[in-house]
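Engineer: Residue numbers (my numbering), protein chains in the order written: chain A, 1 to 430; chain B, 1 to 372.
Some clues are possibly wrong.
[Said to hold, decoys possible] Facing chain B, a subset of chain A residues (Cβ under 7 angstroms, in silico):
#	residue
1	Gly-261
2	Ala-264
3	Leu-266
4	Gly-398
5	Tyr-400
6	Leu-426
[As the list claims (entries may be wrong)] To be clear about the criterion: a stretch of chain B counts as covered by chain A if any three or more of its residues have a C-beta under 8 angstroms from a C-beta of chain A, and this derived list gives those stretches:
#	segment
7	36-43
8	147-153
9	297-308
10	349-360
No wet-lab data here; the hints were simulated from the structure.
Ideal placement from N, C-alpha and C gives every residue a C-beta, glycine not left out.
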Amino acid sequence: MKRARGLSKGVFTVLLSALIAFGLVVFPIRGHRAARGAPASSADKPTPAAPPGASPSARAAAGAAKASPSAAPSASAAAATPAPAKADATKGGEDDLTTLPLGTGLPLGIRVGVFYLDVKSFDDTKGEFVATTDVRLRWTDLRHRFPASEEHRGYREVRFGEADKKLETMWSPHLEIANRAEAPSFTMRRLRIFPNGEVELMTRTTARYKVAIDAARFPFDRQHLLLDLIVRDSDTDEVELAAQHEDVEFSRPARGLTIDGWTAGLVDLDLSEVAGWNGDRYGRLEAALDVDRDPKGALAPVFIPLVASLLIPLLAIWMNKSDEDGFEVEAFELANVVIGGLFSVIALSFAIYSAYGVIAGGDNTVTRLFGLNYVSLASALGVVVLFFRFKLPAKLFGPYVQAEMFRVILWALPVLSTATSIAFILAAKA
Amino acid sequence: MTFRRRAPAILILITTVIVSAMSYFVHELTDVMVESAEASSFKLMRAVLTDVLADNEEAALVRAELISSLPAVRKAFAKRDRTALLDECKDMFAEQQEKYGMDEAQFHLPPGVSFLRLHEPGKFGDDESGARPMLVDVIKNKMHRKGVVLNSRGVSVTSIVPMEDMDGKPNGSFEMGLDLAPVLDEIKKAYAIEASVYIDEKKLREVAVDLKGDVLSEKNRVGKYIRFYATHTDLSSMLIKDTDVDVAEPRSYDRIANGATWGVQLVPLYDYANHQIGVFALARDFSEVTAMEGRSKVWQILASVFAIVLLAGAILIVIRGMLLRPLASLNERMAALAAGDATKPADDPATYCEELRDLAENYERLRAGKSS
Numbered sequence: 001m002k003r004a005r006g007l008s009k010g011v012f013t014v015l016l017s018a019l020i021a022f023g024l025v026v027f028p029i030r031g032h033r034a035a036r037g038a039p040a041s042s043a044d045k046p047t048p049a050a051p052p053g054a055s056p057s058a059r060a061a062a063g064a065a066k067a068s069p070s071a072a073p074s075a076s077a078a079a080a081t082p083a084p085a086k087a088d089a090t091k092g093g094e095d096d097l098t099t100l101p102l103g104t105g106l107p108l109g110i111r112v113g114v115f116y117l118d119v120k121s122f123d124d125t126k127g128e129f130v131a132t133t134d135v136r137l138r139w140t141d142l143r144h145r146f147p148a149s150e151e152h153r154g155y156r157e158v159r160f161g162e163a164d165k166k167l168e169t170m171w172s173p174h175l176e177i178a179n180r181a182e183a184p185s186f187t188m189r190r191l192r193i194f195p196n197g198e199v200e201l202m203t204r205t206t207a208r209y210k211v212a213i214d215a216a217r218f219p220f221d222r223q224h225l226l227l228d229l230i231v232r233d234s235d236t237d238e239v240e241l242a243a244q245h246e247d248v249e250f251s252r253p254a255r256g257l258t259i260d261g262w263t264a265g266l267v268d269l270d271l272s273e274v275a276g277w278n279g280d281r282y283g284r285l286e287a288a289l290d291v292d293r294d295p296k297g298a299l300a301p302v303f304i305p306l307v308a309s310l311l312i313p314l315l316a317i318w319m320n321k322s323d324e325d326g327f328e329v330e331a332f333e334l335a336n337v338v339i340g341g342l343f344s345v346i347a348l349s350f351a352i353y354s355a356y357g358v359i360a361g362g363d364n365t366v367t368r369l370f371g372l373n374y375v376s377l378a379s380a381l382g383v384v385v386l387f388f389r390f391k392l393p394a395k396l397f398g399p400y401v402q403a404e405m406f407r408v409i410l411w412a413l414p415v416l417s418t419a420t421s422i423a424f425i426l427a428a429k430a
Numbered sequence: 001m002t003f004r005r006r007a008p009a010i011l012i013l014i015t016t017v018i019v020s021a022m023s024y025f026v027h028e029l030t031d032v033m034v035e036s037a038e039a040s041s042f043k044l045m046r047a048v049l050t051d052v053l054a055d056n057e058e059a060a061l062v063r064a065e066l067i068s069s070l071p072a073v074r075k076a077f078a079k080r081d082r083t084a085l086l087d088e089c090k091d092m093f094a095e096q097q098e099k100y101g102m103d104e105a106q107f108h109l110p111p112g113v114s115f116l117r118l119h120e121p122g123k124f125g126d127d128e129s130g131a132r133p134m135l136v137d138v139i140k141n142k143m144h145r146k147g148v149v150l151n152s153r154g155v156s157v158t159s160i161v162p163m164e165d166m167d168g169k170p171n172g173s174f175e176m177g178l179d180l181a182p183v184l185d186e187i188k189k190a191y192a193i194e195a196s197v198y199i200d201e202k203k204l205r206e207v208a209v210d211l212k213g214d215v216l217s218e219k220n221r222v223g224k225y226i227r228f229y230a231t232h233t234d235l236s237s238m239l240i241k242d243t244d245v246d247v248a249e250p251r252s253y254d255r256i257a258n259g260a261t262w263g264v265q266l267v268p269l270y271d272y273a274n275h276q277i278g279v280f281a282l283a284r285d286f287s288e289v290t291a292m293e294g295r296s297k298v299w300q301i302l303a304s305v306f307a308i309v310l311l312a313g314a315i316l317i318v319i320r321g322m323l324l325r326p327l328a329s330l331n332e333r334m335a336a337l338a339a340g341d342a343t344k345p346a347d348d349p350a351t352y353c354e355e356l357r358d359l360a361e362n363y364e365r366l367r368a369g370k371s372s
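Just chain A, same shape as in the assembly (with noise of 0.2 angstroms):
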């Protein structure tokens, strides 16, 4: 029995091994389900942050952690530079070249410029913008340092599809431009290695950008052709951006740059920091080009004809007078001249508005201008109808006063809503 037993039992242990080693070849334990591109499932949650006491590595495994749904393909995810091979950062050695560099301390500083070459087109009723720009990323990595005995030129460098097959091979910085409408229509990279280990990785690409309009202070506003570049896949702790002296000069318009009805000015470099999970910050450096908008261009379709209509009530109450009996003009032909006014108000922003979009809302000149136009046919309106037709000032303080109100308003109004729409055109250069 004992025998038969034990036999039983090494059967029974043969078969759960199999089993065991079966379910281990059919279903590894981890990996090939994301190495292979595959649905993320339940277990493929993003990863939370490393604590903020973890070590670097450990903090470096949880940024490449995070790194991987950043390297699905979106428009507004497109990424300055390829995602490198970057799975399982921390197991590489001293030999893998894609794991952060830690040679010269953590945070790693990456050093960036941006150039603008061309401005294709800026529409800021879209608040869109095409432009073909150079981003320079420049950090150091000392295990790509080497003699400069080597390299007659003072440094190594790779081009276009070279340089792609050589950064997939090595750490780069992953920069998202978080306001690229789409994917861009040109790509092209430099990638030079000099001696004391310090890398530079030029990206020249044209692609279409998002931006947000203030037109407060249209048409002497200024904007931004903003880059907004972050660092998504390492915090501030083992990333951080950086602005150096030669990132300034770097970073200007092309000389001789144009843009129609715009002019460039410089560029400015803003660095600053966006909030992730459990406390974590990621770098942002936002790249503008000041651009002015040339006023004389909006001066003939929206001003001339806003001015204009201003003198819509004031014929209203000018063509107008008074007499013993009250006044000579029957107050429903001047109300029909007030009424008038208010359809073509009304026509002229549907034609401005739908023209210039981007000073549809908010407070500005033009949407001013046309409050004073409202508020002045109402005031015409208002003369129209107490004056000429009820004659109340008459009936409340008499005839006298009444002509004499009246003598003051041909005057006062104009003087008034002139001085209005000029301390508005004033306010809005200020």
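Guided by the hints, dock chain B onto chain A, whose structure is given.
Structural biologist: Here is chain B on its own, set in the frame of chain A:
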């Protein structure tokens, strides 16, 4: 001039003067407030510069103290063993240079002879005591010194500490210098202040014999100074001109550049011997403040125009509409009555004010007597 014209004219003139005076007062008040806000900003800029420079001097001093106290360093220096000293310090200095912007480190023998430059080991033996009063002071008085100095590589934030041998006897000095560029970059990053430093060209040519790059070039010449470093060269070119930079005491002004108003603060830069060697220029974007000031003035003027127009209108309506025109009307009737024409009755009594109503009633009585 008739009362009809004179009375409204005088009242409107007085109204205009009072409203304009009030507007001017408010305008001046706005100016004072804006100037006060700008003065605070300029003060803050100066404080930031002083603070950041002090911090960096302190950082250089701490490093110099630490290294000069290392037994191996003291031993090698006491033995005047340059090779051992270099071996001991070169890795440390390379790391300090790479990570923290430490630009130079140097050991000196009395009275100021360079023994070892860690940033340039091949160059030594020259006597710097003639051009470096701070160095002489440290070696002579055996106490540390710190400050911004002009040296062979340009300008740096430097600290020098006395060295002692193993028995505690003074035997030279050790110096650590921080490049000025990262200091100005730090100011820009932390406080959004554009910073630049201008150095007297003559002194720079005399002392900074190992100056690298194209600093000494025509594009960097601003009056008698050379723009040694700027966080934004284009902007500093627009903001600081030849005529501005030559200052002997702090000076501030506003200037428009790139479509924005910038507040510029100039601070003279003195070396250890209290000789002016250059000027720091700090600039901050004031466009938001000046735009608010401009808008405020526009609204103030508009409010004044409204006040003058409405008050003038009220004066005209009251004087002419309630007094002069009814009076003229009664006068006209009275004249007709005196001429024998009693056919024109006075207006409805409600048309007149209380005082004129009596006159109208008296006219009616006269007219009734005449017609009967």
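Engineer: Taking the hints in turn, state whether each one holds.
Structural biologist: Do the hints match the structure? See the list:
At a threshold of 7 angstroms, the smallest CB-CB gap from A:Gly-261 to chain B is about 16 angstroms, leaving the interface hint violated. A cut of 7 angstroms between beta carbons decides the hint on A:Ala-264: the least distance to chain B is about 10 angstroms, and the hint is violated. Given the 7 angstroms rule on beta carbons, the hint for A:Leu-266 holds: about 5 angstroms separates it from the nearest Cβ of chain B. Hint status for A:Gly-398: holds, given a least beta-carbon distance of 4 angstroms to chain B, under 7 angstroms.
With its C-beta approaching chain B no nearer than about 4 angstroms, A:Tyr-400 sits inside the 7 angstroms limit, and its interface hint holds. At its closest, the beta carbon of A:Leu-426 sits 5 angstroms from a beta carbon of chain B; the interface hint therefore holds under the 7 angstroms criterion. Note: the segment 36-43 of chain B has 0 residues with beta-carbon separation from chain A under 8 angstroms; the three-residue rule is not met and the coverage is violated. For the segment 147-153 of chain B, the proposed coverage by chain A is not satisfied: 0 residues have a C-beta within less than 8 angstroms of a C-beta in that chain, short of the threshold of three.
Closer than 8 angstroms: that is the beta-carbon criterion, and the segment 297-308 of chain B has 7 residues meeting it against chain A, so the requirement of 3 holds. For the segment 349-360 of chain B, the stated coverage by chain A holds: 3 residues have a C-beta nearer than 8 angstroms to a C-beta of that chain, and at least 3 were required.
The structure fails to meet hints 1, 2, 7, 8 from the earlier list, while all remaining hints are met.
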